[in-house]
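Student: This is what each chain is made of:
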Amino acid sequence: MVLTGTVLTTSRRILLGALAGSAALAGCGVFDGDPEPAPPPDSFQPLLDEALALAASYDRVIAAQPALAARLTPLAEDHRAHAADLARVIGVTVASAAPSVPVSSAPAGTTATLRKAEQAAQKTAVAACKAAPAERAMLAGSIAACRATHAEALR
Amino acid sequence: MTEQLAAALAAEEAAIYAYGVIGVHLTGSDEVSRARAAELEHRARRDALVDRIDELRASAAPAPAAYRLPFEVTDREGALKLAVHVEDGVAQAWRVLLPVTEGEERIDALSHLTDSAVRATRWRRIAGVTPLTIAFPGRPG
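Protein sequence lines, in the order shown, are assigned to chains F and W. Under UniProt numbering, the first residue of the first sequence is numbered 1, with each subsequent residue one higher. Under UniProt numbering, the first residue of the second sequence is numbered 1, with each subsequent residue one higher.
Just chain F, same shape as in the assembly:
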């Protein structure tokens, strides 16, 4: 046991040394010529991805159960309206902002699965609203509230 402890301590020291070394290299400007790293994704991107995925989920349910079209189409339209506003705020076009995972191949859900998805998406929007800068808080807030009304409308 004592031996193991010594070995661990030694490797930790080696690791720390290596880290210190790379920090020093970075400080010397060795990496200055590298291109700028890609900017982090916009904090509203998950909201946009969800809005588009939800709209597509409604479309699939409507395609599988056309009798639900009158009830579900307005909800899908709400999500498209959210996507349009989010894309404008983020500075992307909705077409280029489509989620990378193809959603059309997924099986159609039911109003119960839509309701669950709305409830999960509401939580995302609440968190986004809480973290948002002042100028974006109203958009995220209205989207969170709308997702809650969808869950209610699907009861």
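These are calculated hints, taken from the structure and not from any lab test. Every residue, glycine too, gets a C-beta built ideally from N, C-alpha and C. Take these hints with a grain of salt, some might be off.
[As the list claims (entries may be wrong)] Straight-line Cα separation of at most 25 Å, SDA-like style, residue types lysine to any residue; simulated pairs:
{"#": "1", "chain 1": "F", "residue 1": "130", "chain 2": "W", "residue 2": "140"}
{"#": "2", "chain 1": "F", "residue 1": "130", "chain 2": "W", "residue 2": "139"}
{"#": "3", "chain 1": "W", "residue 1": "81", "chain 2": "W", "residue 2": "122"}
{"#": "4", "chain 1": "W", "residue 1": "81", "chain 2": "F", "residue 2": "123"}
{"#": "5", "chain 1": "F", "residue 1": "130", "chain 2": "W", "residue 2": "107"}
{"#": "6", "chain 1": "F", "residue 1": "130", "chain 2": "W", "residue 2": "50"}
{"#": "7", "chain 1": "F", "residue 1": "130", "chain 2": "W", "residue 2": "92"}
{"#": "8", "chain 1": "W", "residue 1": "81", "chain 2": "F", "residue 2": "46"}
{"#": "9", "chain 1": "F", "residue 1": "123", "chain 2": "W", "residue 2": "92"}
{"#": "10", "chain 1": "F", "residue 1": "123", "chain 2": "W", "residue 2": "103"}
{"#": "11", "chain 1": "F", "residue 1": "123", "chain 2": "W", "residue 2": "105"}
{"#": "12", "chain 1": "F", "residue 1": "130", "chain 2": "W", "residue 2": "7"}
{"#": "13", "chain 1": "F", "residue 1": "130", "chain 2": "W", "residue 2": "101"}
{"#": "14", "chain 1": "F", "residue 1": "123", "chain 2": "W", "residue 2": "108"}
{"#": "15", "chain 1": "F", "residue 1": "123", "chain 2": "F", "residue 2": "77"}
{"#": "16", "chain 1": "F", "residue 1": "130", "chain 2": "W", "residue 2": "104"}
{"#": "17", "chain 1": "W", "residue 1": "81", "chain 2": "W", "residue 2": "13"}
{"#": "18", "chain 1": "F", "residue 1": "130", "chain 2": "F", "residue 2": "46"}
{"#": "19", "chain 1": "F", "residue 1": "123", "chain 2": "W", "residue 2": "122"}
{"#": "20", "chain 1": "F", "residue 1": "123", "chain 2": "W", "residue 2": "41"}
{"#": "21", "chain 1": "F", "residue 1": "130", "chain 2": "W", "residue 2": "89"}
{"#": "22", "chain 1": "F", "residue 1": "130", "chain 2": "W", "residue 2": "1"}
{"#": "23", "chain 1": "F", "residue 1": "130", "chain 2": "W", "residue 2": "70"}
{"#": "24", "chain 1": "F", "residue 1": "130", "chain 2": "W", "residue 2": "102"}
{"#": "25", "chain 1": "F", "residue 1": "123", "chain 2": "W", "residue 2": "111"}
{"#": "26", "chain 1": "F", "residue 1": "130", "chain 2": "W", "residue 2": "6"}
[To be verified] Simulated DEER-style distance windows between Cβ atoms:
{"#": "27", "chain 1": "F", "residue 1": "69", "chain 2": "W", "residue 2": "54", "range": "45 to 53 Å"}
{"#": "28", "chain 1": "F", "residue 1": "46", "chain 2": "W", "residue 2": "104", "range": "20 to 28 Å"}
{"#": "29", "chain 1": "F", "residue 1": "134", "chain 2": "W", "residue 2": "32", "range": "39 to 47 Å"}
{"#": "30", "chain 1": "F", "residue 1": "35", "chain 2": "W", "residue 2": "48", "range": "50 to 58 Å"}
Given chain F, put chain W in place with the hints provided.
Tutor: Showing chain W alone in chain F's frame:
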């Protein structure tokens, strides 16, 4: 922020008054109890707003002695329409608090916005109004 709090207080006061009128014209016991529950919720928020405004040592404009309804209510249909109108108005008042609050206080404002939006959806369903939802609750239409 006190300006927005005062506006929210005015909206809640108006809602309390409106629900008094709404309750008189509703017929089903389920509808009446829903209206009563909504009125109690708006009273609780009104009280919390009064406390908050007091805390900030700001003075809100005194509540007007009489409210004017946006339209005359003479029957159940009008009462349900007023209920939707009132909740939409309250939602607008809480929404404008979002940019001037942070953290838990913003979450509270969002929770009130959401409650009013959900309640408006329930009233629309009871009234048989479609669509049941609007894309941006609280955004002036």
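Student: Hint by hint, work out which the structure violates, then give me just those numbers in ascending order.
Tutor: Hints 4, 8, 23 contradicted; others consistent.
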